[in-house]
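Chains as they are written, first to last, in numbering that gives the first Met the number 0: chain E, 0 to 345; chain Z, 0 to 345; chain P, 0 to 324; chain R, 0 to 324.
None of the hints are false.
No more than 20 Å apart at the CA atoms, straight line, and that leaves these computed lysine-lysine pairs for PhoX-like:
1) P/LYS179 / P/LYS195
2) Z/LYS182 / Z/LYS242
3) Z/LYS152 / Z/LYS242
4) E/LYS53 / P/LYS38
5) E/LYS282 / E/LYS255
6) Z/LYS273 / R/LYS32
7) P/LYS32 / E/LYS273
8) R/LYS38 / Z/LYS53
9) Z/LYS152 / Z/LYS182
10) E/LYS321 / E/LYS53
11) P/LYS193 / P/LYS252
12) E/LYS281 / E/LYS255
Honestly, the hints are just simulated from the structure, not real lab data.
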Amino acid sequence: MVKRAQTKKKASAKQARLNDDIGEETRLTMYRLQLEIRHLEQRAHDLFFQNLIKGTSHLALGQEAIASGFGAALRPNDYTFCTYRGHAHTLVRGTSMTGMLGELMGKECGMLQGKGGSMHLTDVEKGAMGSYAIIGAHLPIAAGAAWQAQYNKTGQVAVCFFGDGTTNIGAFHEALNFAAIWKLPVVFVCENNLYMEYTPISDVTAVEHPAADRASAYGLDSIIVDGNDADAVYRIAVTAFDKAREGGGPSLIEAKTYRHSGHSRADPASYRPKGELEAWLKKDPIPMYRQRLIDFGVKESIVKNIEDSVIQAVDEATEAAKASPPPPVDYAFTDVWADGGSSWRN
Amino acid sequence: MVKRAQTKKKASAKQARLNDDIGEETRLTMYRLQLEIRHLEQRAHDLFFQNLIKGTSHLALGQEAIASGFGAALRPNDYTFCTYRGHAHTLVRGTSMTGMLGELMGKECGMLQGKGGSMHLTDVEKGAMGSYAIIGAHLPIAAGAAWQAQYNKTGQVAVCFFGDGTTNIGAFHEALNFAAIWKLPVVFVCENNLYMEYTPISDVTAVEHPAADRASAYGLDSIIVDGNDADAVYRIAVTAFDKAREGGGPSLIEAKTYRHSGHSRADPASYRPKGELEAWLKKDPIPMYRQRLIDFGVKESIVKNIEDSVIQAVDEATEAAKASPPPPVDYAFTDVWADGGSSWRN
Amino acid sequence: MAELTYREAVAEAIAQEMRRDDSVVFLGEDIAKAGGVFKSTVGLWEEFGDLRVRDTPISEQAILGAAMGAAMTGLKPIAEIMFSDFLAVCWDIVCNQIAKSRYMTGGQVDMPLVIRTANGGGARFGAQHSQSVENWAMMIPGIKVVAPSSPADVKGLLAAAIRDPDPVIFFEQKSLYATKGMVPDGEHVDEIGKAKVLRNGDDVTILALALMVPRALEAAERLQLERGISATVVDIRSLVPLDTKTILSEVIKTGRVVTVEENPRLCGWGAEISSIIAEECFYDLDMPIVRITTPHIPLASADELEDLMIPSVSRIFDTISREVD
Amino acid sequence: MAELTYREAVAEAIAQEMRRDDSVVFLGEDIAKAGGVFKSTVGLWEEFGDLRVRDTPISEQAILGAAMGAAMTGLKPIAEIMFSDFLAVCWDIVCNQIAKSRYMTGGQVDMPLVIRTANGGGARFGAQHSQSVENWAMMIPGIKVVAPSSPADVKGLLAAAIRDPDPVIFFEQKSLYATKGMVPDGEHVDEIGKAKVLRNGDDVTILALALMVPRALEAAERLQLERGISATVVDIRSLVPLDTKTILSEVIKTGRVVTVEENPRLCGWGAEISSIIAEECFYDLDMPIVRITTPHIPLASADELEDLMIPSVSRIFDTISREVD
Ligand SMILES: Cc1ncc(C[n+]2csc(CCOP(=O)(O)OP(=O)(O)O)c2C)c(N)n1
Ligand SMILES: Cc1ncc(C[n+]2csc(CCOP(=O)(O)OP(=O)(O)O)c2C)c(N)n1
Ligand SMILES: [Mg+2]
Ligand SMILES: [Mg+2]
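Build out the structure end to end from the sequences listed, making use of the hints.
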């Protein structure tokens, strides 16, 4: 009995310490961010099936802890670069939900005026430097933003999110080597969700850990983190950012995770082995994180309050975006050039 | 005294054994190949300065042991793929010196009818599947030839030669991963001559050994060989070929070497630190190999005979190529399509 | 004859050729077990197995490089590049290697391969997944360029492309995948390099390709009904080789020509054809040569904006109504 | 005014702009310590140092990706792609990323960068190092495309390109590097998007670009002397924006037009301009529009063959002699 109590006491002391290094405020932020992503994406899913969102849409349900952990660790003037699966990473920079849903619906209120769509979400004012829909391209581009930070000694970092499948394309290799030799303040984050579209990553990759097993090819440390644990992600992010800001160069981080939905709206994900999804649903980052907050002594009412306010925010954004008209047709002809126009002749 | 004699005896026993595993015939072949490359390239150099060769030319003086070691280990129906610095690798397949010099001079007797030039030497009949002038492209192409061999179970291997600088381009990465996951019978040979054109490879590469330190990123062994020692190269080649033919998949080999001349004809190589060339000239593969033949008991007259016959062959090829007329102008309009023509309309 | 969709015709053509020739192999991303992201290759992996129908990593340079190396050594590979926009990540292999190797080697190297790719807009996918890049391919000496508009042409021309000893880029318009049409049963092989006159008229000749073909046909019907303008519609089908015989003779018949291109304006295929007409049929023309194209702007994703940019039936109708009097 | 070579004018323009603006940075392969493989950037590393003039690995996607990321966040990068043929290995960054980002983001993203590259043939370098790919760039919405023919234009237009808030691909013709010309001293900035009338004539208007400009001028002299044909020569200078005002007005003046293009025939810039003329000046033309181009074939390396392929003074002279009567 005594022994058990001691263990328990030790455990909660450890929990308290764990809570300390991150702090309640940051933890609540991360919980909110994860919920925002979850609810906004589920809403996008629903709107898709109401035919209010066209084209395509790639959800990151189940992967929320990664964007949230990094989001909480970033400074407002840091840069983020992400992919077509970029709702999460754009949202954690504090962008407007209405602007985002509006863009998915092709409305005038869309953050890109209806010109970009789901795969190109961008909010430069918030440091969300774009979503890139061609695999690999944004890795060297993120290195370029980091080069600017280094050149101007601004102390900014650039973070680049991408998937496991992306580690097999040439641009990955070029960007990693380039960032390493120039010691650029860029953090490459591989979200290993086990699949490259419909193909298991292990079928098409020569190593077990697509990113971590390649770090040494660029003189970098091999780093793997539990991508379903926002705290673990946050800690890794802080370490990598500190290194980058101190001139220590890039990091390559592999976060293990899983997407609950298919690759894109068209995909029922029938290629998954039986039971795989179910096993991962047990590791769903959001209920786990909720439980941790409670365990750490956060009041249920505070947690509930966050949950309600997120749902309310998503509801309001949905209504606002629905109410927005389609973009005026002359939007099609603006913004090719810096002068605002699109003319190629005089 | 006794001890020394014993050591000597031991040493020569070891030498005999060394000689045995390769055999005199193969060694003489490798000596001949090295000399052919050396003399043919020096001739190309001279012809350049007589303005009989135009355009550009990239010599591999000093790197002859690599092409020769692999050349001796290849079967006639194996495939080789090389770069703009490809005289050596084409020559070791047994291609005609006249065809080669003729091509460099833009003559009718040129192996490519004057359409390719120095950077595109190809002799498909001999398995020399082309010289590629855009960095990296031929690595996946070589993998494709190996795929054919695997698919048709022909037992062929494909060998792909490239430089240290090539390890930093995307196609390198894609080809290595691809070859590894499909277990293709392809051998990638990185000739590390310390420079990417005029820039030291260490200035632009995140690891010390540009190829070997990246092998693990593709689940491959890290292999480094003395690229100035044809015997060492030959042994590595045999091992890699055996593995490939047995279904063991690709190998990545880094051969350390040095080019005695500049990057291309325009380059005086003034970027080299003082003394570097001199140090490497002491490790010139050809005199070293000659000495080894003598040490192993090959008669001076046999060696001399090879030397004379190579010079004679280069002389004859030079005269034949000089005597050849320029290509008929209608050659410009043939061979775009399989039907021999170049028409894009009816 | 059977009614097939455009996407089904793709799989049917590949299956037909794989059955008759063991050297035909097929590789690409998610093309095997998943049947392709556009479901255009369903059933091939099941029929031909792991060795002939192979999923690849996201390594377009490796995909096309491997196809090239295999083609040079005796196979007849079909490689899928999922969206034609992605040709940009492997453009070197296409334009500098595949297109040039036979020529550069004085004819030593064979290159019997097909690159299939989903091209064009209309699906709200945005600027990086909607481009019409048939002009990129036409621009490069050494590649044949085919873009079918119907399921029958998909089957016949894709089969012909696979048998062709030269490299062919085969552009499938992604908005056409769901369209249906009658397709000949059994072995069906068409000829690459022949345009098709789909409608005969007296007043104006409309030259169109891929998705622009059904739109041109519909516009032609409306022009007849509403304006009494009688239009010839020519489906170009193949940009290289280009059937200038058919094109020029159809232009001369009406003396008026309009091209309808999905590629953005500058250096589109219509520019090339216009320049050939302006050089060779100048004295036969009764009207300036008019080009209708997607404007020279990246493609927007919102419905209203994308629809405005890609030539529509009503834009074709309006333009021709205005120009032809 | 001072006499400079075309290659010296490159370095002079870059130095001029780097002196006035700290946000201008320069990266590429062998451009710094070695001064460039064409010796066109000699002295820049010595003057501006390691942080502003940087050698890179052979990683063209990283070079242009880094330039793009830096441009988006406040720098004004100049990136060298050694030979324009190598644009193929980083084409995605050019055409899908750099060209489209401002538009796709509704104008949020700035892209003030310059890609310099050695373009064109004449040096016996063979099919992978001799291409004229100015039409590749013209084809892509969202990039400006400049190709100077003289040292003065190199200096003025490169300086303008560096100051331009939009991405510019700057094509330097490698056979022109050694040519000389008078260049204004001190700060010199030209305007992008203006063609230049270099010679006035009454009978025919020759439109040319880069290396084709001196050849067109020489042919025009011979036409005057030997045939009494008086030719206008227009140096297009910039393909995007295209100075259609100057071009069309010069075409109308003579009623006859010939384009001289180094790019291979299909979908070359001359096709585009021909199609504009055929649409907008149809009734002003007295003669078919004639295009003189490199044939649609990869370039051969042997002297005799290469010289036959790229439009020469005598081909221009012969063609115009034959067409203009
Ligand atoms: C160059 C290129 N090739 C192929 C695609 C099509 N594609 C889009 S997403 C995807 C899978 C990416 O997998 P991964 O990197 O693991 O990211 P995830 O989707 O799992 O987040 C593919 C193949 C593309 N967009 N770009
Ligand atoms: C994609 C591409 N970029 C640049 C070049 C120009 N280039 C030709 S050779 C060379 C250096 C290659 O170095 P390495 O791979 O070490 O081979 P080496 O020349 O030393 O044999 C460069 C940069 C090229 N041919 N292709
Ligand atoms: Mg994935
Ligand atoms: Mg080297």
